[in-house]
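Undergrad: Same order as they appear, the protein sequences are chains A and B. Mapping of the first sequence onto the numbering used here: position 146 corresponds to residue 146, and the numbering continues sequentially without gaps. Mapping of the second sequence onto the numbering used here: position 90 corresponds to residue 330, and the numbering continues sequentially without gaps.
If you're looking for bench data, these hints aren't it; they were derived computationally from the structure. Backbone N, C-alpha and C define an ideal beta-carbon position, used for all residues, glycine too. One thing to keep in mind: the hints can contain errors.
Just so you have them, the derived chain A footprint on chain B, three or more residues with Cβ under 8 Å [what the hints assert, rightly or not]: (1) 287–295; (2) 312–321; (3) 383–396; (4) 434–440; (5) 466–474.
Simulated pairs of lysine to any residue, SDA-like, Cα-Cα distance not exceeding 20 Å [claimed, not checked]: (6) B:K459 <-> A:L173; (7) B:K312 <-> B:N359; (8) B:K465 <-> A:L173; (9) B:K281 <-> B:T373; (10) A:K194 <-> B:K465; (11) B:K326 <-> A:S184; (12) B:K459 <-> A:Q180; (13) B:K459 <-> A:S184; (14) A:K194 <-> A:F209; (15) B:K326 <-> A:P15; (16) A:K194 <-> B:N359.
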Amino acid sequence: MYSLLQTAAPAGPLPINDLLFVVVPYVVLAVFFSMTIWRYVKEKFSYSSYSSQFLENQHQFWGSVPWHYGILALVAGHLIGFLVPRGVLWWNSVPARLYIIEGAALIFGIITLIGLINLIVRRASNPRVRAVTSKMDVVVLVLLLLQVIGGLWVALTARWGSSWFAAVLAPYLWSLFTFQPDASAVAQLPWSIKLHILGAYAIFALFPFTRLVHVLVVPNHYLWRRFQVVMWNKRASKAE
Amino acid sequence: MNRMLPHLLLLFAVASLACVFLAFEGREASAQTAELPAGTKAAGLDPFKTSCAPCHTIGGGKLVGPDLAGLKDRVPSREWLMAFLKNPAGTNDDYAKKVKAEFGDTMPAQAALGDNVLNDIIDFMFAGGPGLTVKKLRGATPEDIDLGRRLFTGEARLANGGPSCISCHSITGLTGLGGGTLAATVGAKYTDLSNAFNRNGGEAGLRASLASPQFLVMKQVFADKPMTEEEVIALTAYLGDVSKTTAPPPGRDYFIIYGIVGAIALLIALDLIWIRRFRNVRKTLVGGSK
């Protein structure tokens, strides 16, 4: 064990590791909760992803549907690994079951990437959709793209993630939530995985300031209803 | 700007500081419990057991690293040993070169233990390891090989909750999609354990390594979920058995291909599920007017 308060710094990249994987997540959590609540209190009606479906619906299906079902499956998978790591290790105790869960995760990862690329191409190429795109939308899309590519890279190069997530990262995440942070195992992981963790922190930190807040709007009935046509009713600008 | 923002920012700042403070508070407390005086034992005994014994004995023969009996008379000086323990890879004088020529440059740096603990360990080694007993494990049986194989793939769970080997490693003879590759990302040679038996100094060395793994990620993962003696015996027996077989050339990696085929199938399924979807406003209107 080592301590950040230790006077003689140990050799190697340990202090920076503490900064990135102990201090950063707490700051991110504080930003996430305080700013998400603040936005809900102050700008309740901004909790939306601003549908652009009325402007273009030819390509939207191949973006939105694979993206959303893919990312929901992936987030659920990460969440299960965090909440019931022992259950995951039990499931993976039969190699065939391990291959099924890893194969399914890879399939969802690929359709997530396909969906996201379609959404980015649509947003960039369609002038009407582009007109309603904010700078934050661009930031979110770039960040999500890097995160999904990074996740696929980890899934392909550092197998089998479902097992080692439960053994290495679940204890790390629990150590954060129980205020006994221990990032020593994360310190030994390759940079591809560290970047994926940091990417997740970046997304959580930006969450309250972006269209991502739509995730929190309950009842989330648009998970199972069909697309509906939404007409924009923008307030006229002062110049008009 | 609204009036609430400054209050919220203050709240956020206080919350962040409180979290960081709580975090290190907890860590300090746990560090203190670990450093309680250990009765009449030599101060270096426990740290030697956890940090050195996986690869070294004192008078018990070579494991992964040299037998440390008579160390005091062998090493150039106490200061040299301290420097070497802190940074073995960076120590390259004649004596270090001689040791590395025989055992390889695999000794992990121990600087993180701190000067006090390292001094305790050096005292302990120079005194010939008082109180250090190495438990002799029973010999392996053919049943151990099978148990070891099942422990590797996860069919038999490790009693203390550690992940099975297949999570991060592969080995000759696995069917299906093969073993994990996480170990490759920390060091290419660590992924495939087909030759781990020989690499870790045979039965005694591998048993010691598994009983208290010193490998980067494994060290952290198994620190509080150690393998039991029986598991160590079984896995060593299995890895020893595999090391005798010649490895077939690695087969084609189908994982990504399955992924792409599955993704295409899923996209087709999504299209079929939404076959009656509202496609394009103008197209539908034009179609309907015909």
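Undergrad: Indicate, hint by hint, whether the structure satisfies it.
TA: Hints and how they fare:
1. For the segment 287–295 of chain B, the proposed coverage by chain A is not satisfied: 0 residues have a C-beta within less than 8 Å of a C-beta in that chain, short of the threshold of three.
2. Coverage of a stretch by a chain is defined here by at least three residues with a beta carbon nearer than 8 Å to that chain's beta carbons; for the segment 312–321 of chain B and chain A the count is 0, and the condition is violated.
3. Given as covered by chain A, the segment 383–396 of chain B passes the check, having 3 residues with a CB less than 8 Å from a CB of that chain where 3 are the minimum.
4. Figure legend: the segment 434–440 of chain B, annotated as covered by chain A; annotation inconsistent (0 residues with Cβ-Cβ distances under 8 Å, at least 3 required).
5. Under the rule that three or more residues need a Cβ within less than 8 Å of chain A, the assignment of the segment 466–474 of chain B is violated, with 0 such residues.
6. Annotation: proposed proximity of K459 (chain B) to L173 (chain A) holds, straight-line Cα distance about 18 Å (limit 20 Å).
7. With a C-alpha separation of about 13 Å, the suggested pair K312 (chain B) and N359 (chain B) falls inside the 20 Å cut-off, and the hint holds.
8. Using a Cα cut-off of 20 Å, the hinted pair K465 (chain B) and L173 (chain A) holds, with the two alpha carbons roughly 17 Å apart.
9. Between K281 (chain B) and T373 (chain B), the direct Cα distance comes to roughly 13 Å. Compliance with the 20 Å bound is thereby established for this hinted pair.
10. For the hint linking K194 (chain A) to K465 (chain B), the alpha-carbon distance of about 23 Å lies beyond 20 Å, and the restraint is violated.
11. Proximity of K326 (chain B) to S184 (chain A) is assessed by CA-CA distance (about 18 Å); at most 20 Å being required, the pair is judged to hold.
12. Between K459 (chain B) and Q180 (chain A) the alpha-carbon distance is near 19 Å, which keeps this suggested pair within the 20 Å criterion.
13. About 10 Å separates the Cα atoms of K459 (chain B) and S184 (chain A), which keeps this hinted pair within 20 Å; it holds.
14. For the hint linking K194 (chain A) to F209 (chain A), the alpha-carbon distance of about 24 Å lies beyond 20 Å, and the restraint is violated.
15. At roughly 17 Å between alpha-carbon atoms, K326 (chain B) and P15 (chain A) fall within 20 Å of each other, so this suggested pair holds.
16. Restraint check: the Cα-Cα separation between K194 (chain A) and N359 (chain B) comes to about 34 Å, which exceeds 20 Å; the hinted pair is violated.
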